[in-house]
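There are 4 protein chains.
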Amino acid sequence: MNKSLLRKIKVGIVGGTGYTGVELLRILVRHPLVEISVITSRKESGIAVDQLYPNLRKHINLKFSSPEDGDLTKCDVVFFATPHGVAMSQAYNLINHGVKVIDLAADFRLKNVDVFEEWYKIPHACPEILAMSEYGLVEINRSKLLNVNVVGNPGCYPTTVLLGLAPLLQSEQIFIDLNRIIADCKSGISGAGKKLESSSLFAESADNFRAYGVSGHRHHPEIVSQLEIMSGKKINLIFVPHLVPMIRGMFSTIYTKILPKYRDIDFQKIFEDRYKDEYFVDVMPSGNFPDTRSVRGSNTIRISVNRINDEDLVILVAQDNLVKGAAGQAVQNMNLIFGFSEVIGLEHVAILP
Amino acid sequence: MNKSLLRKIKVGIVGGTGYTGVELLRILVRHPLVEISVITSRKESGIAVDQLYPNLRKHINLKFSSPEDGDLTKCDVVFFATPHGVAMSQAYNLINHGVKVIDLAADFRLKNVDVFEEWYKIPHACPEILAMSEYGLVEINRSKLLNVNVVGNPGCYPTTVLLGLAPLLQSEQIFIDLNRIIADCKSGISGAGKKLESSSLFAESADNFRAYGVSGHRHHPEIVSQLEIMSGKKINLIFVPHLVPMIRGMFSTIYTKILPKYRDIDFQKIFEDRYKDEYFVDVMPSGNFPDTRSVRGSNTIRISVNRINDEDLVILVAQDNLVKGAAGQAVQNMNLIFGFSEVIGLEHVAILP
Amino acid sequence: MNKSLLRKIKVGIVGGTGYTGVELLRILVRHPLVEISVITSRKESGIAVDQLYPNLRKHINLKFSSPEDGDLTKCDVVFFATPHGVAMSQAYNLINHGVKVIDLAADFRLKNVDVFEEWYKIPHACPEILAMSEYGLVEINRSKLLNVNVVGNPGCYPTTVLLGLAPLLQSEQIFIDLNRIIADCKSGISGAGKKLESSSLFAESADNFRAYGVSGHRHHPEIVSQLEIMSGKKINLIFVPHLVPMIRGMFSTIYTKILPKYRDIDFQKIFEDRYKDEYFVDVMPSGNFPDTRSVRGSNTIRISVNRINDEDLVILVAQDNLVKGAAGQAVQNMNLIFGFSEVIGLEHVAILP
Amino acid sequence: MNKSLLRKIKVGIVGGTGYTGVELLRILVRHPLVEISVITSRKESGIAVDQLYPNLRKHINLKFSSPEDGDLTKCDVVFFATPHGVAMSQAYNLINHGVKVIDLAADFRLKNVDVFEEWYKIPHACPEILAMSEYGLVEINRSKLLNVNVVGNPGCYPTTVLLGLAPLLQSEQIFIDLNRIIADCKSGISGAGKKLESSSLFAESADNFRAYGVSGHRHHPEIVSQLEIMSGKKINLIFVPHLVPMIRGMFSTIYTKILPKYRDIDFQKIFEDRYKDEYFVDVMPSGNFPDTRSVRGSNTIRISVNRINDEDLVILVAQDNLVKGAAGQAVQNMNLIFGFSEVIGLEHVAILP
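Chains as they are written, first to last, in numbering that gives the first Met the number 0: chain C, 0 to 352; chain L, 0 to 352; chain B, 0 to 352; chain D, 0 to 352.
The shape of chain C in the complex, shown without the other chains:
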């Protein structure tokens, strides 16, 4: 990766017009070791990026290319901020040209092709690349990610649930009953993306709270498969997502049952020890609860560990769904892969109020 020491790396973004795309841009235009070379959008090709996203005026001087014209093979790394199915169709060509691929969609999140095809209703285009790819949850998989060519950037809900549970499942010890995990998760509306759907209209979603996907959500198999990798055991997870009338932010309330033999453990300390070297994971002091605004616009995920009684441990997790839950985490992966300091370009202080 020494090339990164000599020059800025060239970055391509496929599908730069959605919310994860513009968030990648917000972060990358200020990243000191990066040059944005290509941004593609079929629909907006020829349009200046800052025409569509005026917050980027004076920060970027680039037009959207059509997917055909944008020469992605000359990039060092390409981010896919696209619907599911796009990255896998282009990954083979890119890695053949030595280009790293970071997919913000789901093409490389589920190692089991059958599970992928069941939930995403499309055949997987490159199972052999999937097999070589890694799941980009840096705090869990750091060592595996160092030399990888293709990263499946985690889903937003999975990021909160996996980092919220990891200290309880990893290493040799499993502290909780794997059959009794409930994740009650809440997301801001930007999680639904910029698609034109009636339910995402302001007049439909403001001043309102609702559950959705109760009978099944694609992030369920993603969470379960990673928890099973972590623990080496079968997991039974109940997962109910909800929508909150706020633009950004995700909050997960995770209910676990402590196994009888671990009821004397200081779980606050378990979490603090596990994450003490992680810049982006903040274990709150005991008795302090996270809120989503304290992470708004930042790559930080805040966790609070709550011992309700002898048996019950409730983990609260807050993140910005577009940053640690998507674009920020993708840049964190890029930093890691190219040997940069992991935090570079990601030191934003959350905007509060």
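Warning: the hint list may mix true and false statements.
Below, in silico cross-link-like pairs of lysine to any residue (SDA-like), each with a Cα-Cα straight-line distance of 20 Å or less [claimed, not checked]:
{"hint": "1", "chain 1": "D", "residue 1": "Lys57", "chain 2": "C", "residue 2": "Glu277"}
{"hint": "2", "chain 1": "D", "residue 1": "Lys57", "chain 2": "D", "residue 2": "Glu34"}
{"hint": "3", "chain 1": "C", "residue 1": "Lys232", "chain 2": "C", "residue 2": "Lys260"}
{"hint": "4", "chain 1": "B", "residue 1": "Lys275", "chain 2": "L", "residue 2": "His58"}
{"hint": "5", "chain 1": "D", "residue 1": "Lys275", "chain 2": "D", "residue 2": "Ile264"}
{"hint": "6", "chain 1": "C", "residue 1": "Lys120", "chain 2": "C", "residue 2": "Ser214"}
{"hint": "7", "chain 1": "C", "residue 1": "Lys193", "chain 2": "L", "residue 2": "Ala191"}
{"hint": "8", "chain 1": "B", "residue 1": "Lys256", "chain 2": "C", "residue 2": "Asp176"}
{"hint": "9", "chain 1": "B", "residue 1": "Lys256", "chain 2": "B", "residue 2": "Leu236"}
{"hint": "10", "chain 1": "C", "residue 1": "Lys194", "chain 2": "L", "residue 2": "Gly192"}
{"hint": "11", "chain 1": "B", "residue 1": "Lys232", "chain 2": "B", "residue 2": "Gln172"}
{"hint": "12", "chain 1": "L", "residue 1": "Lys233", "chain 2": "D", "residue 2": "Glu310"}
{"hint": "13", "chain 1": "B", "residue 1": "Lys110", "chain 2": "B", "residue 2": "Ile128"}
{"hint": "14", "chain 1": "D", "residue 1": "Lys194", "chain 2": "B", "residue 2": "Ser197"}
{"hint": "15", "chain 1": "D", "residue 1": "Lys42", "chain 2": "B", "residue 2": "Leu195"}
{"hint": "16", "chain 1": "C", "residue 1": "Lys57", "chain 2": "D", "residue 2": "Glu346"}
{"hint": "17", "chain 1": "L", "residue 1": "Lys73", "chain 2": "L", "residue 2": "Leu61"}
{"hint": "18", "chain 1": "B", "residue 1": "Lys57", "chain 2": "L", "residue 2": "Glu271"}
{"hint": "19", "chain 1": "L", "residue 1": "Lys275", "chain 2": "B", "residue 2": "His58"}
Hints are computed from structural coordinates only; laboratory data are not their basis. Just so we're clear, the structure is a prediction, and the values are computed from it rather than from any experiment.
Add chains L, B and D to chain C, keeping to what the hints say.
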């Protein structure tokens, strides 16, 4: 109109799935003198109304009909909660069957066909019916509306600006400089309707404020033409609409210059006298300002009269854009036409907080 | 109760300036069988009610009395929309004068005085009246409430959790594991009342989501005690409340484990049967989820029954915290006690959008 | 100012707990040439800053000092993020110790002591320092600010109106009628600060729009006095502020009348020329309108110039009230005074969505 004394009137609604449609339903299902007979929607035909709008569960037991099947000619009155152009294509047939027509779109708002066609980009289908129709601003046109067959229900912005200015322009006296009227208007997002447009998404419009239509908005000619009818004079109006991140509500700040000879007038009294018999127009006591929440869900429009200095009079007007600015005003017209008490079915107290 | 047939009943409200107070007013000013006689407020005494709450202009013509002056003993019923501790200090005198008392605070919610004193940190002023009072959850306790003098109107969270669980616990059958009930509850900000607290400021709570009271909330013993009365058994409940950036609305996601012997039961039918005669409880059709906006401003509570798998049943419950969760339920109790139709004055259609 | 070349400057903040205080912190903790030495707060003294503002966790390791203990005289610059009246009581001592003072309140905004005392109802403590101070609107007063000891940082509304009008009033030419300027201004709720006032509660201000200060607002004399300095003429300004249910953001719609002799002028070009070298002022391309979200969290102010007709020019201005309208502008002043690049530490991209 004696038929209304003997039985409930039969109401039809064309286009019941948009926001003015569901608001008509919210009001009419509780109106004691009305029976909703037909609701049409091409897209939702066959679907139960309360499936689309669960707030109506237990209040209505009707399905959307296709426009072809719904037998509107058997109704006493039909409301058009449709895009511009629909009502005028059906008005002739309906009034031939003795059915009253109340159009919540713009087909019968502009008496001048040329102006209509310039702003709405469609030919007017029935200029002769337009000529017989009346502009349904009850507080201004009550006597003309009593025996009318077709009502053009006013636009939301025009309702606020016209009722805010009427006391200054009517009768023999014109108190203000007709060349110096500025209406700075602000609307909640529901004013944009339920159309799928990117700018109406929660993540685009929440926590945001912006102007739009600065170079021209269809309500401008509507306001001007009505002001000119009121005053019998040429009017010069600057009108800038804005969008506020709230679901409902409309607020207009109207800047006027008092003519020199009227600078000793007590304008608070002028307004109070003008509206003392109007149930739905509330002139606030001097020094009290309206806010949109105090009219949320009600048919009330609140007005405050502010003498800034010798020359300047600033009128503040607040209404619920979906009620007094649309469906409530339409029902008020219906009540008037059928000889009911004007307030029946419209006595809702605004929801606060 | 025949007096109610002859004349409107006289209603007093103590503490009419908070959110439950103004909501009582919104409902009662339109209630056809009620006359509001007295509203007290120490802080606002002498001020016209509609000066403080302009939504009530033209609907009420009354001033706030000081608590000393307002003659509550001449009322038929007095609502306490006050902080905890006020109703119990006045209940004795009122019921001695034949006045019914409906307390919207917690003074008569917990039958066990010790539990009350532990959670509310004040001695109970009238244990003997507490013993005679009833918990005003009409759908559960209707028959007991008919002849009662003092009603403890349920808390907002308890209303959702109790009505969400009642069909699973009542009668001879207990369908679920009483040691594994989790209620993840979410409330709009009005639930915190009109108190001046930093955390209730717009700039602190908008665009934000957070948990609170994780280590203990006063509604926990209220829910548990009522569940134990219903089931006749010991209950283990985990309850975590959260705050949602919306004004009104409450949503509870309740996780239960079906007992092995009942895994063939059709729980949708259990709920529909239990509530088929309840006007205010709406069991949604299978596959439909409630949202808070579909109950905004109405006394309806919507419930959806979700069988996630063999073992897990997730109940979703939505209500308006100020109506069914407070003032509406209080009026429902009043209707019941005075022999009125239970729904009179409470037929509001929810405001949507 | 060469000391700044050798070491980071030491910064003190008085009153670090309000919204302008925490926003100063958000900016300054990432400013590469600054070391935050002291933060005072009477109320929170002894508390860790990141305990009160968890968004600053890992970014700052400092406690609030009591005003008596914090040694401000050792700082290079002290920001006052305090109520009006505090800075003027301490300015003399600080500048005697060679400390620069930047006041974010109004103590040094109005050069005329009588006007100050009329509007702020307190005597001015140091008229002689006021006389030496400068109004910190960098884009207008840059040269005067270079060697100043005390800066009156502009109010939020004045910043928008002054930068929106400056190109029309400066130099030898006055393009507009000085008797016909109307500023209709809209602010997010954070503009009211963190004070505990009923009207700032979420349940009072969400989903609501209202005007306030119609009969007079302290920013009116500030705007007028600066416009009169710019133009050398008497100004007649109508200014009506409003509150928008969003946390941050300010939007001003400014109505002007073009003088007859200038009706052939290309005002778009006038604005572009005036601001072509200003990093923080963005003149939007013709036909593009600003919105507040496109400046959220950034120090940019966006302006659009709209020729409505021959006579009428409408200027739209958007900024983040806490950044360019307060803390960001204060840091811009600091950068200028200490000879830093004006943009350093202020290059944030606005958060969108």
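Now for the hints, and whether the structure bears them out:
With a CA separation close to 11 Å, the supplied pair Lys57 of chain D and Glu277 of chain C stays within the 20 Å bound. Taking the CA atoms of Lys57 of chain D and Glu34 of chain D, the gap is about 15 Å. The hint holds against a cut of 20 Å. The suggested pairing of Lys232 of chain C with Lys260 of chain C holds, with an alpha-carbon distance near 18 Å, which does not exceed 20 Å. Proposed proximity of Lys275 of chain B and His58 of chain L is supported: the alpha carbons are some 15 Å apart, at most 20 Å.
Distance check on the hinted pair: Lys275 of chain D and Ile264 of chain D sit about 18 Å apart at the alpha-carbon level, within 20 Å; holds. Pair hint Lys120 of chain C plus Ser214 of chain C holds up; C-alpha atoms about 17 Å apart against a cutoff of 20 Å. Among the hinted pairs, Lys193 of chain C with Ala191 of chain L is consistent with the structure: their alpha-carbon atoms are about 18 Å apart, no more than 20 Å. A distance of roughly 15 Å separates the Cα atoms of Lys256 of chain B and Asp176 of chain C; the hinted pair therefore holds under the 20 Å criterion.
Straight-line distance between C-alpha atoms of Lys256 of chain B and Leu236 of chain B comes to about 12 Å, which keeps the hinted pair within the 20 Å bound. The hinted pair formed by Lys194 of chain C and Gly192 of chain L meets the criterion: a straight-line CA distance of about 17 Å does not exceed 20 Å. Distance check on the hinted pair: Lys232 of chain B and Gln172 of chain B sit about 12 Å apart at the alpha-carbon level, within 20 Å; holds. A C-alpha spacing of about 17 Å is found between Lys233 of chain L and Glu310 of chain D, which places the hinted pair at or below 20 Å, so the restraint holds.
Between Lys110 of chain B and Ile128 of chain B the CA atoms are separated by roughly 10 Å; this keeps the pair inside 20 Å, and the hint holds. Between Lys194 of chain D and Ser197 of chain B, the direct Cα distance comes to roughly 8 Å. Compliance with the 20 Å bound is thereby established for this hinted pair. For a cut-off of 20 Å, the pair hint linking Lys42 of chain D to Leu195 of chain B stands: about 17 Å separates their Cα positions. A threshold of 20 Å between alpha carbons decides the hint, and for Lys57 of chain C with Glu346 of chain D the separation of about 10 Å falls inside it, so the pair holds.
The hinted pair formed by Lys73 of chain L and Leu61 of chain L meets the criterion: a straight-line CA distance of about 16 Å does not exceed 20 Å. Only pairs whose Cα atoms come within 20 Å are accepted, and Lys57 of chain B paired with Glu271 of chain L is accepted, the gap being roughly 14 Å. A C-alpha spacing of about 15 Å is found between Lys275 of chain L and His58 of chain B, which places the hinted pair at or below 20 Å, so the restraint holds.
Of the numbered hints given earlier, the model fails none.
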